[in-house]
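Engineer: Below, each chain spelled out in residue letters.
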Amino acid sequence: MSSEIQNYIGEMHRLGYADADIKVSLREAGWSYDQLISAFDNAVIHVDGLKKYFKNTKAVDGISFMIEKGEIFGFLGPNGAGKTTAIRCIMDFLRPDAGQIRILKKDSRLHTVELKSDIGYLPGEVRLYENWTGQEHVDFSSSFYKRPDRAKYIADRLTLDLSKKTKDLSSGNKQKLGIVLALMFEPQVLIWDEPTLTLDPLLQQEVYALLKEASNNGATVLMSSHNLAEVERVCNRVAIIKQGKIIAIDEIKNLRKKNMYTITVHFFGILPEKDELISDGVKIIDELERGYVVKVSGDINRFLKNVSRFQVEDINIEKASLEDVFLEFYKEN
Amino acid sequence: MYSIITRALKDKKSSLIIFCAAGILLLVLYIALFPSIQEQSSQMAKMFDSYPKAMLKILNIEDLNFSTIEKFLAIEQYSFTWPLLIIFLAISFSGSLVRDIERGTIDFVLTRPISRMRLYVGRVLASLSAVLMFSVASILSTIPIAAIAGIDFIAGNHFKMVIVGFSFGAAIVGLASLAGALYSERGKTYLVTGGVLILMYVFNIIAKLKDGLSGLQYFSLFHYLDAGSVLARGIMSWSAVFALLYFAVITIIAGALIFQKRDIYAAA
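Keeping their order, the protein sequence lines are chains X and B. This note's numbering puts the first residue of the first sequence at 1, with every later residue one more than the last. This note's numbering puts the first residue of the second sequence at 334, with every later residue one more than the last.
Just so you know, these hints were derived from the structure itself, not from any lab. A portion of the hints provided could be inaccurate.
Pairs of lysine to any residue residues, derived as SDA-like cross-links and limited to a Cα-Cα distance of at most 25 Å, are as follows [claimed, not checked]:
| # | chain 1 | residue 1 | chain 2 | residue 2 |
| --- | --- | --- | --- | --- |
| 1 | B | Lys345 | X | Glu230 |
| 2 | B | Lys594 | X | Asp139 |
| 3 | X | Lys165 | B | Phe492 |
| 4 | X | Lys167 | B | Lys594 |
Chain X regions said to be covered by chain B (calculated; three or more residues, Cβ under 8 Å) [to be verified]:
| # | segment |
| --- | --- |
| 5 | 20 to 32 |
| 6 | 90 to 98 |
| 7 | 272 to 279 |
Computed Cβ-Cβ distance ranges for the label pairs, DEER-style [unchecked claim]:
| # | chain 1 | residue 1 | chain 2 | residue 2 | range |
| --- | --- | --- | --- | --- | --- |
| 8 | B | Lys390 | X | His111 | 35 to 43 Å |
| 9 | X | Lys55 | B | Lys390 | 46 to 54 Å |
| 10 | X | Ile285 | B | Met450 | 53 to 61 Å |
| 11 | X | His111 | B | Ile481 | 29 to 37 Å |
| 12 | X | Arg147 | B | Thr339 | 38 to 46 Å |
Each residue gets a CB set at the ideal place from its N, CA and C atoms; glycine is no exception.
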């Protein structure tokens, strides 16, 4: 699917449209049935209108997204945004109140056992049996699969001793064991929920490398994180989630392109009134003795034109980081 | 399924051995005491006669005395200590699923290609296997221990007791598994299971004490564990066995259906 179509569908999902509505709009736009099939049914992970409520809390409130083969898709949001709930629904641990989840073109609930053979799941804090060794975890897992595993290769690569009991492992080593268990059968789909939460920076790099390697080998990755730098570094596309709703879905490169600037400007003589500088997309975020700190979203020229009417002593323009873009999304929504 | 059962049994191997050893040691103790008690059987019978009738009814030992090892064990071992041991064993084993949910280890199991139903059934079968092993070890050990001590025994009655004892344990497994399927914390599960069993025990006592409320006994699992009839008189009621097994099957199925539908929360 072209990235334009992907972005269009992503934008419709962000606006809360379910797949059925998007298909109608695409049909009206002249799309053929075959094109629709290829746009919607080829997704490896397809979440459509997922809702999960806990009593009065709308933990996940109608989210939709699609992830294509080989993509590393980031699920970004602060703690409590609904990332883990959505992932636990995808993993069939939680029963959704509404919506459909399809993985590898199969309903995630009806074909849960079959799908688990092809999914490598890793939570942020791996919980394992304290009295089992790493090897016992591996052997237990192997008893459910009919194919050889790569546990030893991955454990060696991560320098993990599988003969130790889990209770004797540090939190980092427990996470390494979790990674071994998630990757040992070369799954087609990786669903990792804040995988680097308890890891030191060195091991984080190893995790990123493993994810990229899996993606290069054709695996599809859904990775949640509240760490923007991590998502920026690893993912191709990202969905930003807030209070159970997706507020943006876009490619990382597009997010980076969102023009946002922090401008510090000092004036000679009379300080302009705030109103004289404010226009669409311009916000004054700090007032200095002889100037202002201004946040500009979108076209910068209008603001510069406006400022040029006054005597400028000094001006410093900084392009916003992806983090600023992310925070802006959060404030706006 | 096989690996679920063997793994569950392996994980609780030590506690199973301890429970079995406790059951056997109690048997050794009672059998060692029996010859001296038997010598004073007639005095003991008189002593029982002086007990309030209601108390004898509650302990289900109205017509019993200490003339045979079976009667003695029915009073000493199977009226209180043995049911307590099997209740603790069954609840402990059946709590493995809720323990996994509470500790979050269930995520590891359920991310393997195994259905919830297979996991649930596997764990129940492991609990039933443990109950069976305990029943066999703690009841049938009477035969070699009594033989070594030179005490006469009726082997058939002990085999019948294994059937009734296992059925009682299976019913407890069913009840505890149902409670385990409902909650995510062990504390609640044990509280509910224990509460229901205490209620059943009270029902059984009230039914024996008040003629007008005798129907309550049918709602108590303890009513069907009639060691006095089985061991001392060699009469095993198949309807009691079926009632216990029926209760076990119904609760196990209900638990499976609930576990299949529920949300799995890893404990915070």
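Engineer: A separate judgement is required for each hint: does it hold in the structure or not?
Structural biologist: Each hint, compared with the structure:
With a CA separation close to 42 Å, the supplied pair B:Lys345 and X:Glu230 exceeds the 25 Å bound. Taking the CA atoms of B:Lys594 and X:Asp139, the gap is about 29 Å. The hint is violated against a cut of 25 Å. Under the criterion of a C-alpha separation no larger than 25 Å, the hint pairing X:Lys165 with B:Phe492 is inconsistent with the structure, at around 41 Å. Distance restraint check for X:Lys167 and B:Lys594: the Cα-Cα separation of roughly 32 Å exceeds the 25 Å cut-off, and the hinted pair is therefore not satisfied.
Here's how the segment 20 to 32 of chain X fares: 0 of its residues keep a CB closer than 8 Å to some CB of chain B, so the rule of at least three is not met and the hint is violated. For the segment 90 to 98 of chain X, the stated coverage by chain B is satisfied: 5 residues place a CB nearer than 8 Å to a CB of that chain, which reaches the threshold of 3. Here's how the segment 272 to 279 of chain X fares: 0 of its residues keep a CB closer than 8 Å to some CB of chain B, so the rule of at least three is not met and the hint is violated. Restraint check, B:Lys390 to X:His111: a C-beta distance of roughly 58 Å breaks the suggested window 35 to 43 Å.
Evaluation of the 46 to 54 Å hint for X:Lys55 and B:Lys390 yields a pass: the beta carbon distance comes to about 48 Å. As the Cβ distance of X:Ile285 to B:Met450 is approximately 57 Å, the hint placing it in 53 to 61 Å holds. Taking 29 to 37 Å as the suggested C-beta distance range, the pair X:His111 and B:Ile481 does not conform, at roughly 59 Å. Between X:Arg147 and B:Thr339 the Cβ separation comes to about 22 Å, which falls outside the hinted range of 38 to 46 Å.
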